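Participant: Here is what each chain is made of, one letter per residue.
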Amino acid sequence: MNNPIGNLNKIFDSRIRLGVMSILMVNEEVSFNDLKQMLELTDGNLASHLNTLEENGYLKVHKGFIGRKTNTTYSITKAGEKAFKGHLGALESMIRSID
Amino acid sequence: MSNFDIQSTLSMTEQQHLDTLSDIKRMMERSSRFISLSGLSGIFAGCSALVGAAISYYWLHDYYVSWNTTGRFDAEGFAWLRVKLIALALIVMAFALVGGIFFTWRRAKRNKLPVWDITSRNVLINALIPMIAGGAFIAGLLYNNLEAMVAPVSLIFYGLALVNASKYTLSDIRYLGIAEIILGILNVFYLRRGLYFWAVGFGVLHIFYGAIMWWKYERQSA
Numbered sequence: 015m016n017n018p019i020g021n022l023n024k025i026f027d028s029r030i031r032l033g034v035m036s037i038l039m040v041n042e043e044v045s046f047n048d049l050k051q052m053l054e055l056t057d058g059n060l061a062s063h064l065n066t067l068e069e070n071g072y073l074k075v076h077k078g079f080i081g082r083k084t085n086t087t088y089s090i091t092k093a094g095e096k097a098f099k100g101h102l103g104a105l106e107s108m109i110r111s112i113d
Numbered sequence: 004m005s006n007f008d009i010q011s012t013l014s015m016t017e018q019q020h021l022d023t024l025s026d027i028k029r030m031m032e033r034s035s036r037f038i039s040l041s042g043l044s045g046i047f048a049g050c051s052a053l054v055g056a057a058i059s060y061y062w063l064h065d066y067y068v069s070w071n072t073t074g075r076f077d078a079e080g081f082a083w084l085r086v087k088l089i090a091l092a093l094i095v096m097a098f099a100l101v102g103g104i105f106f107t108w109r110r111a112k113r114n115k116l117p118v119w120d121i122t123s124r125n126v127l128i129n130a131l132i133p134m135i136a137g138g139a140f141i142a143g144l145l146y147n148n149l150e151a152m153v154a155p156v157s158l159i160f161y162g163l164a165l166v167n168a169s170k171y172t173l174s175d176i177r178y179l180g181i182a183e184i185i186l187g188i189l190n191v192f193y194l195r196r197g198l199y200f201w202a203v204g205f206g207v208l209h210i211f212y213g214a215i216m217w218w219k220y221e222r223q224s225a
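Listed in order, the protein sequences are those of chains A and B. Going by the numbering used here, the first sequence opens with residue 15, and the numbers climb by one from there. Going by the numbering used here, the second sequence opens with residue 4, and the numbers climb by one from there.
By construction, these hints were calculated from the structure, which means they are not laboratory data. Only a predicted model underlies this, so the values are computations on that prediction, with no experimental measurement involved. All residues carry an ideal CB built from backbone N, CA and C; glycine is no exception.
Label-pair restraints from in silico Cβ distances:
#1 B:Ile185 x A:Lys92: 35 to 45 Å
#2 A:Gly78 x B:Tyr146: 36 to 46 Å
#3 A:Thr86 x B:Tyr60: 50 to 60 Å
#4 B:Glu32 x A:Thr86: 16 to 26 Å
#5 B:Trp218 x A:Thr66: 43 to 53 Å
#6 B:Asp22 x A:Gly100: 14 to 24 Å
#7 B:Ile185 x A:Arg82: 47 to 57 Å
Below, in silico cross-link-like pairs of lysine to any residue (SDA-like), each with a Cα-Cα straight-line distance of 20 Å or less:
#8 B:Lys112 x A:Asp48
#9 B:Lys112 x A:Gln51
#10 A:Lys96 x A:Val40
#11 B:Lys115 x A:Asp48
#12 B:Lys170 x B:Ile135
#13 A:Lys50 x B:Ser35
#14 B:Lys115 x A:Gln51
#15 A:Lys83 x B:Asp120
#16 A:Lys99 x B:Leu21
#17 A:Lys50 x B:Lys112
#18 A:Lys50 x B:Trp119
#19 A:Lys96 x B:Thr23
#20 A:Lys74 x B:Met31
#21 B:Lys87 x B:Val54
#22 A:Lys74 x A:Ala97
#23 B:Lys170 x B:Ser35
#24 B:Lys28 x A:Gly103
#25 B:Lys115 x B:Phe105
#26 A:Lys50 x B:Met31
#27 A:Lys50 x A:Met39
#28 A:Lys50 x B:Ala111
#29 B:Lys115 x A:Thr56
#30 A:Lys50 x B:Val118
#31 A:Lys74 x A:Ser89
#32 B:Lys112 x A:Glu54
#33 B:Lys28 x A:Leu53
#34 A:Lys24 x B:Ser25
#35 B:Lys115 x A:Glu54
#36 B:Lys28 x A:Asp48
#37 B:Lys28 x A:Val44
#38 B:Lys28 x A:Glu95
#39 B:Lys112 x B:Arg124
#40 A:Lys99 x B:Ser25
Construct the complete structure from the given sequences, taking the supplied hints into account.
Facilitator: In structure tokens:
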């Protein structure tokens, strides 16, 4: 039997990681500080979630500089987009199956 | 487990999934569109524009009356009128901008949203590109004594700026932009009526759209 819960992506269990992916889906490139501001998080908390997403190949990190300050930006990868859409699809079919 | 228990667990997970989906939707919207733009900003800008248009109407009127009574072109009077009108336009624009920022800032604060973030930055940058191009173009028109073209050109470039910035804020702005562009193009065919087109474009349309947007998005919270 096809179990729709099996299609839900474990990595997206975290609301923060889901939030990061939602933002990156609609913005080409977002800086660490902008992510922090939008998700209302502390540096450490956001960094650990970003690491998880990067390790899974869902986002790309670009390290740059604005003057002397580091400016790290993030963008979504093809794999990340696919995983996110798959997760959305799974959520949708679960809601449908309940109705 | 009774039937009721199964039902309630099912509906709870359903609620969770719906919450997750609305979370995703909210983050996508909030991160890509500046939603704090206030309709009151538009109304305020429109009122400033109408006051500015009324003042310039009287100045122009006085100028033409004195031209008709003396019966000759007064180069000095014209140069002075030109300087006064340019100064008035800049003051009205600054006034409208400050008031516009104030109402939008107030709305963002009430909704506990940041005023200066990636979305407002996107709105600003994308509005500024046509605005600066238009400003430079108008400076060129004035340099070449093509005053009659200033009103239509300012309407068209302002409209383009709104259309361009509308991708990053409330989509209603797009239709305001298109209306400004149409008005600017019509103005080119009635060149000597620039002040009326200008008053409609920057005054009436701003008040009209501002009122619609206020009614649509802000009525409940006021």
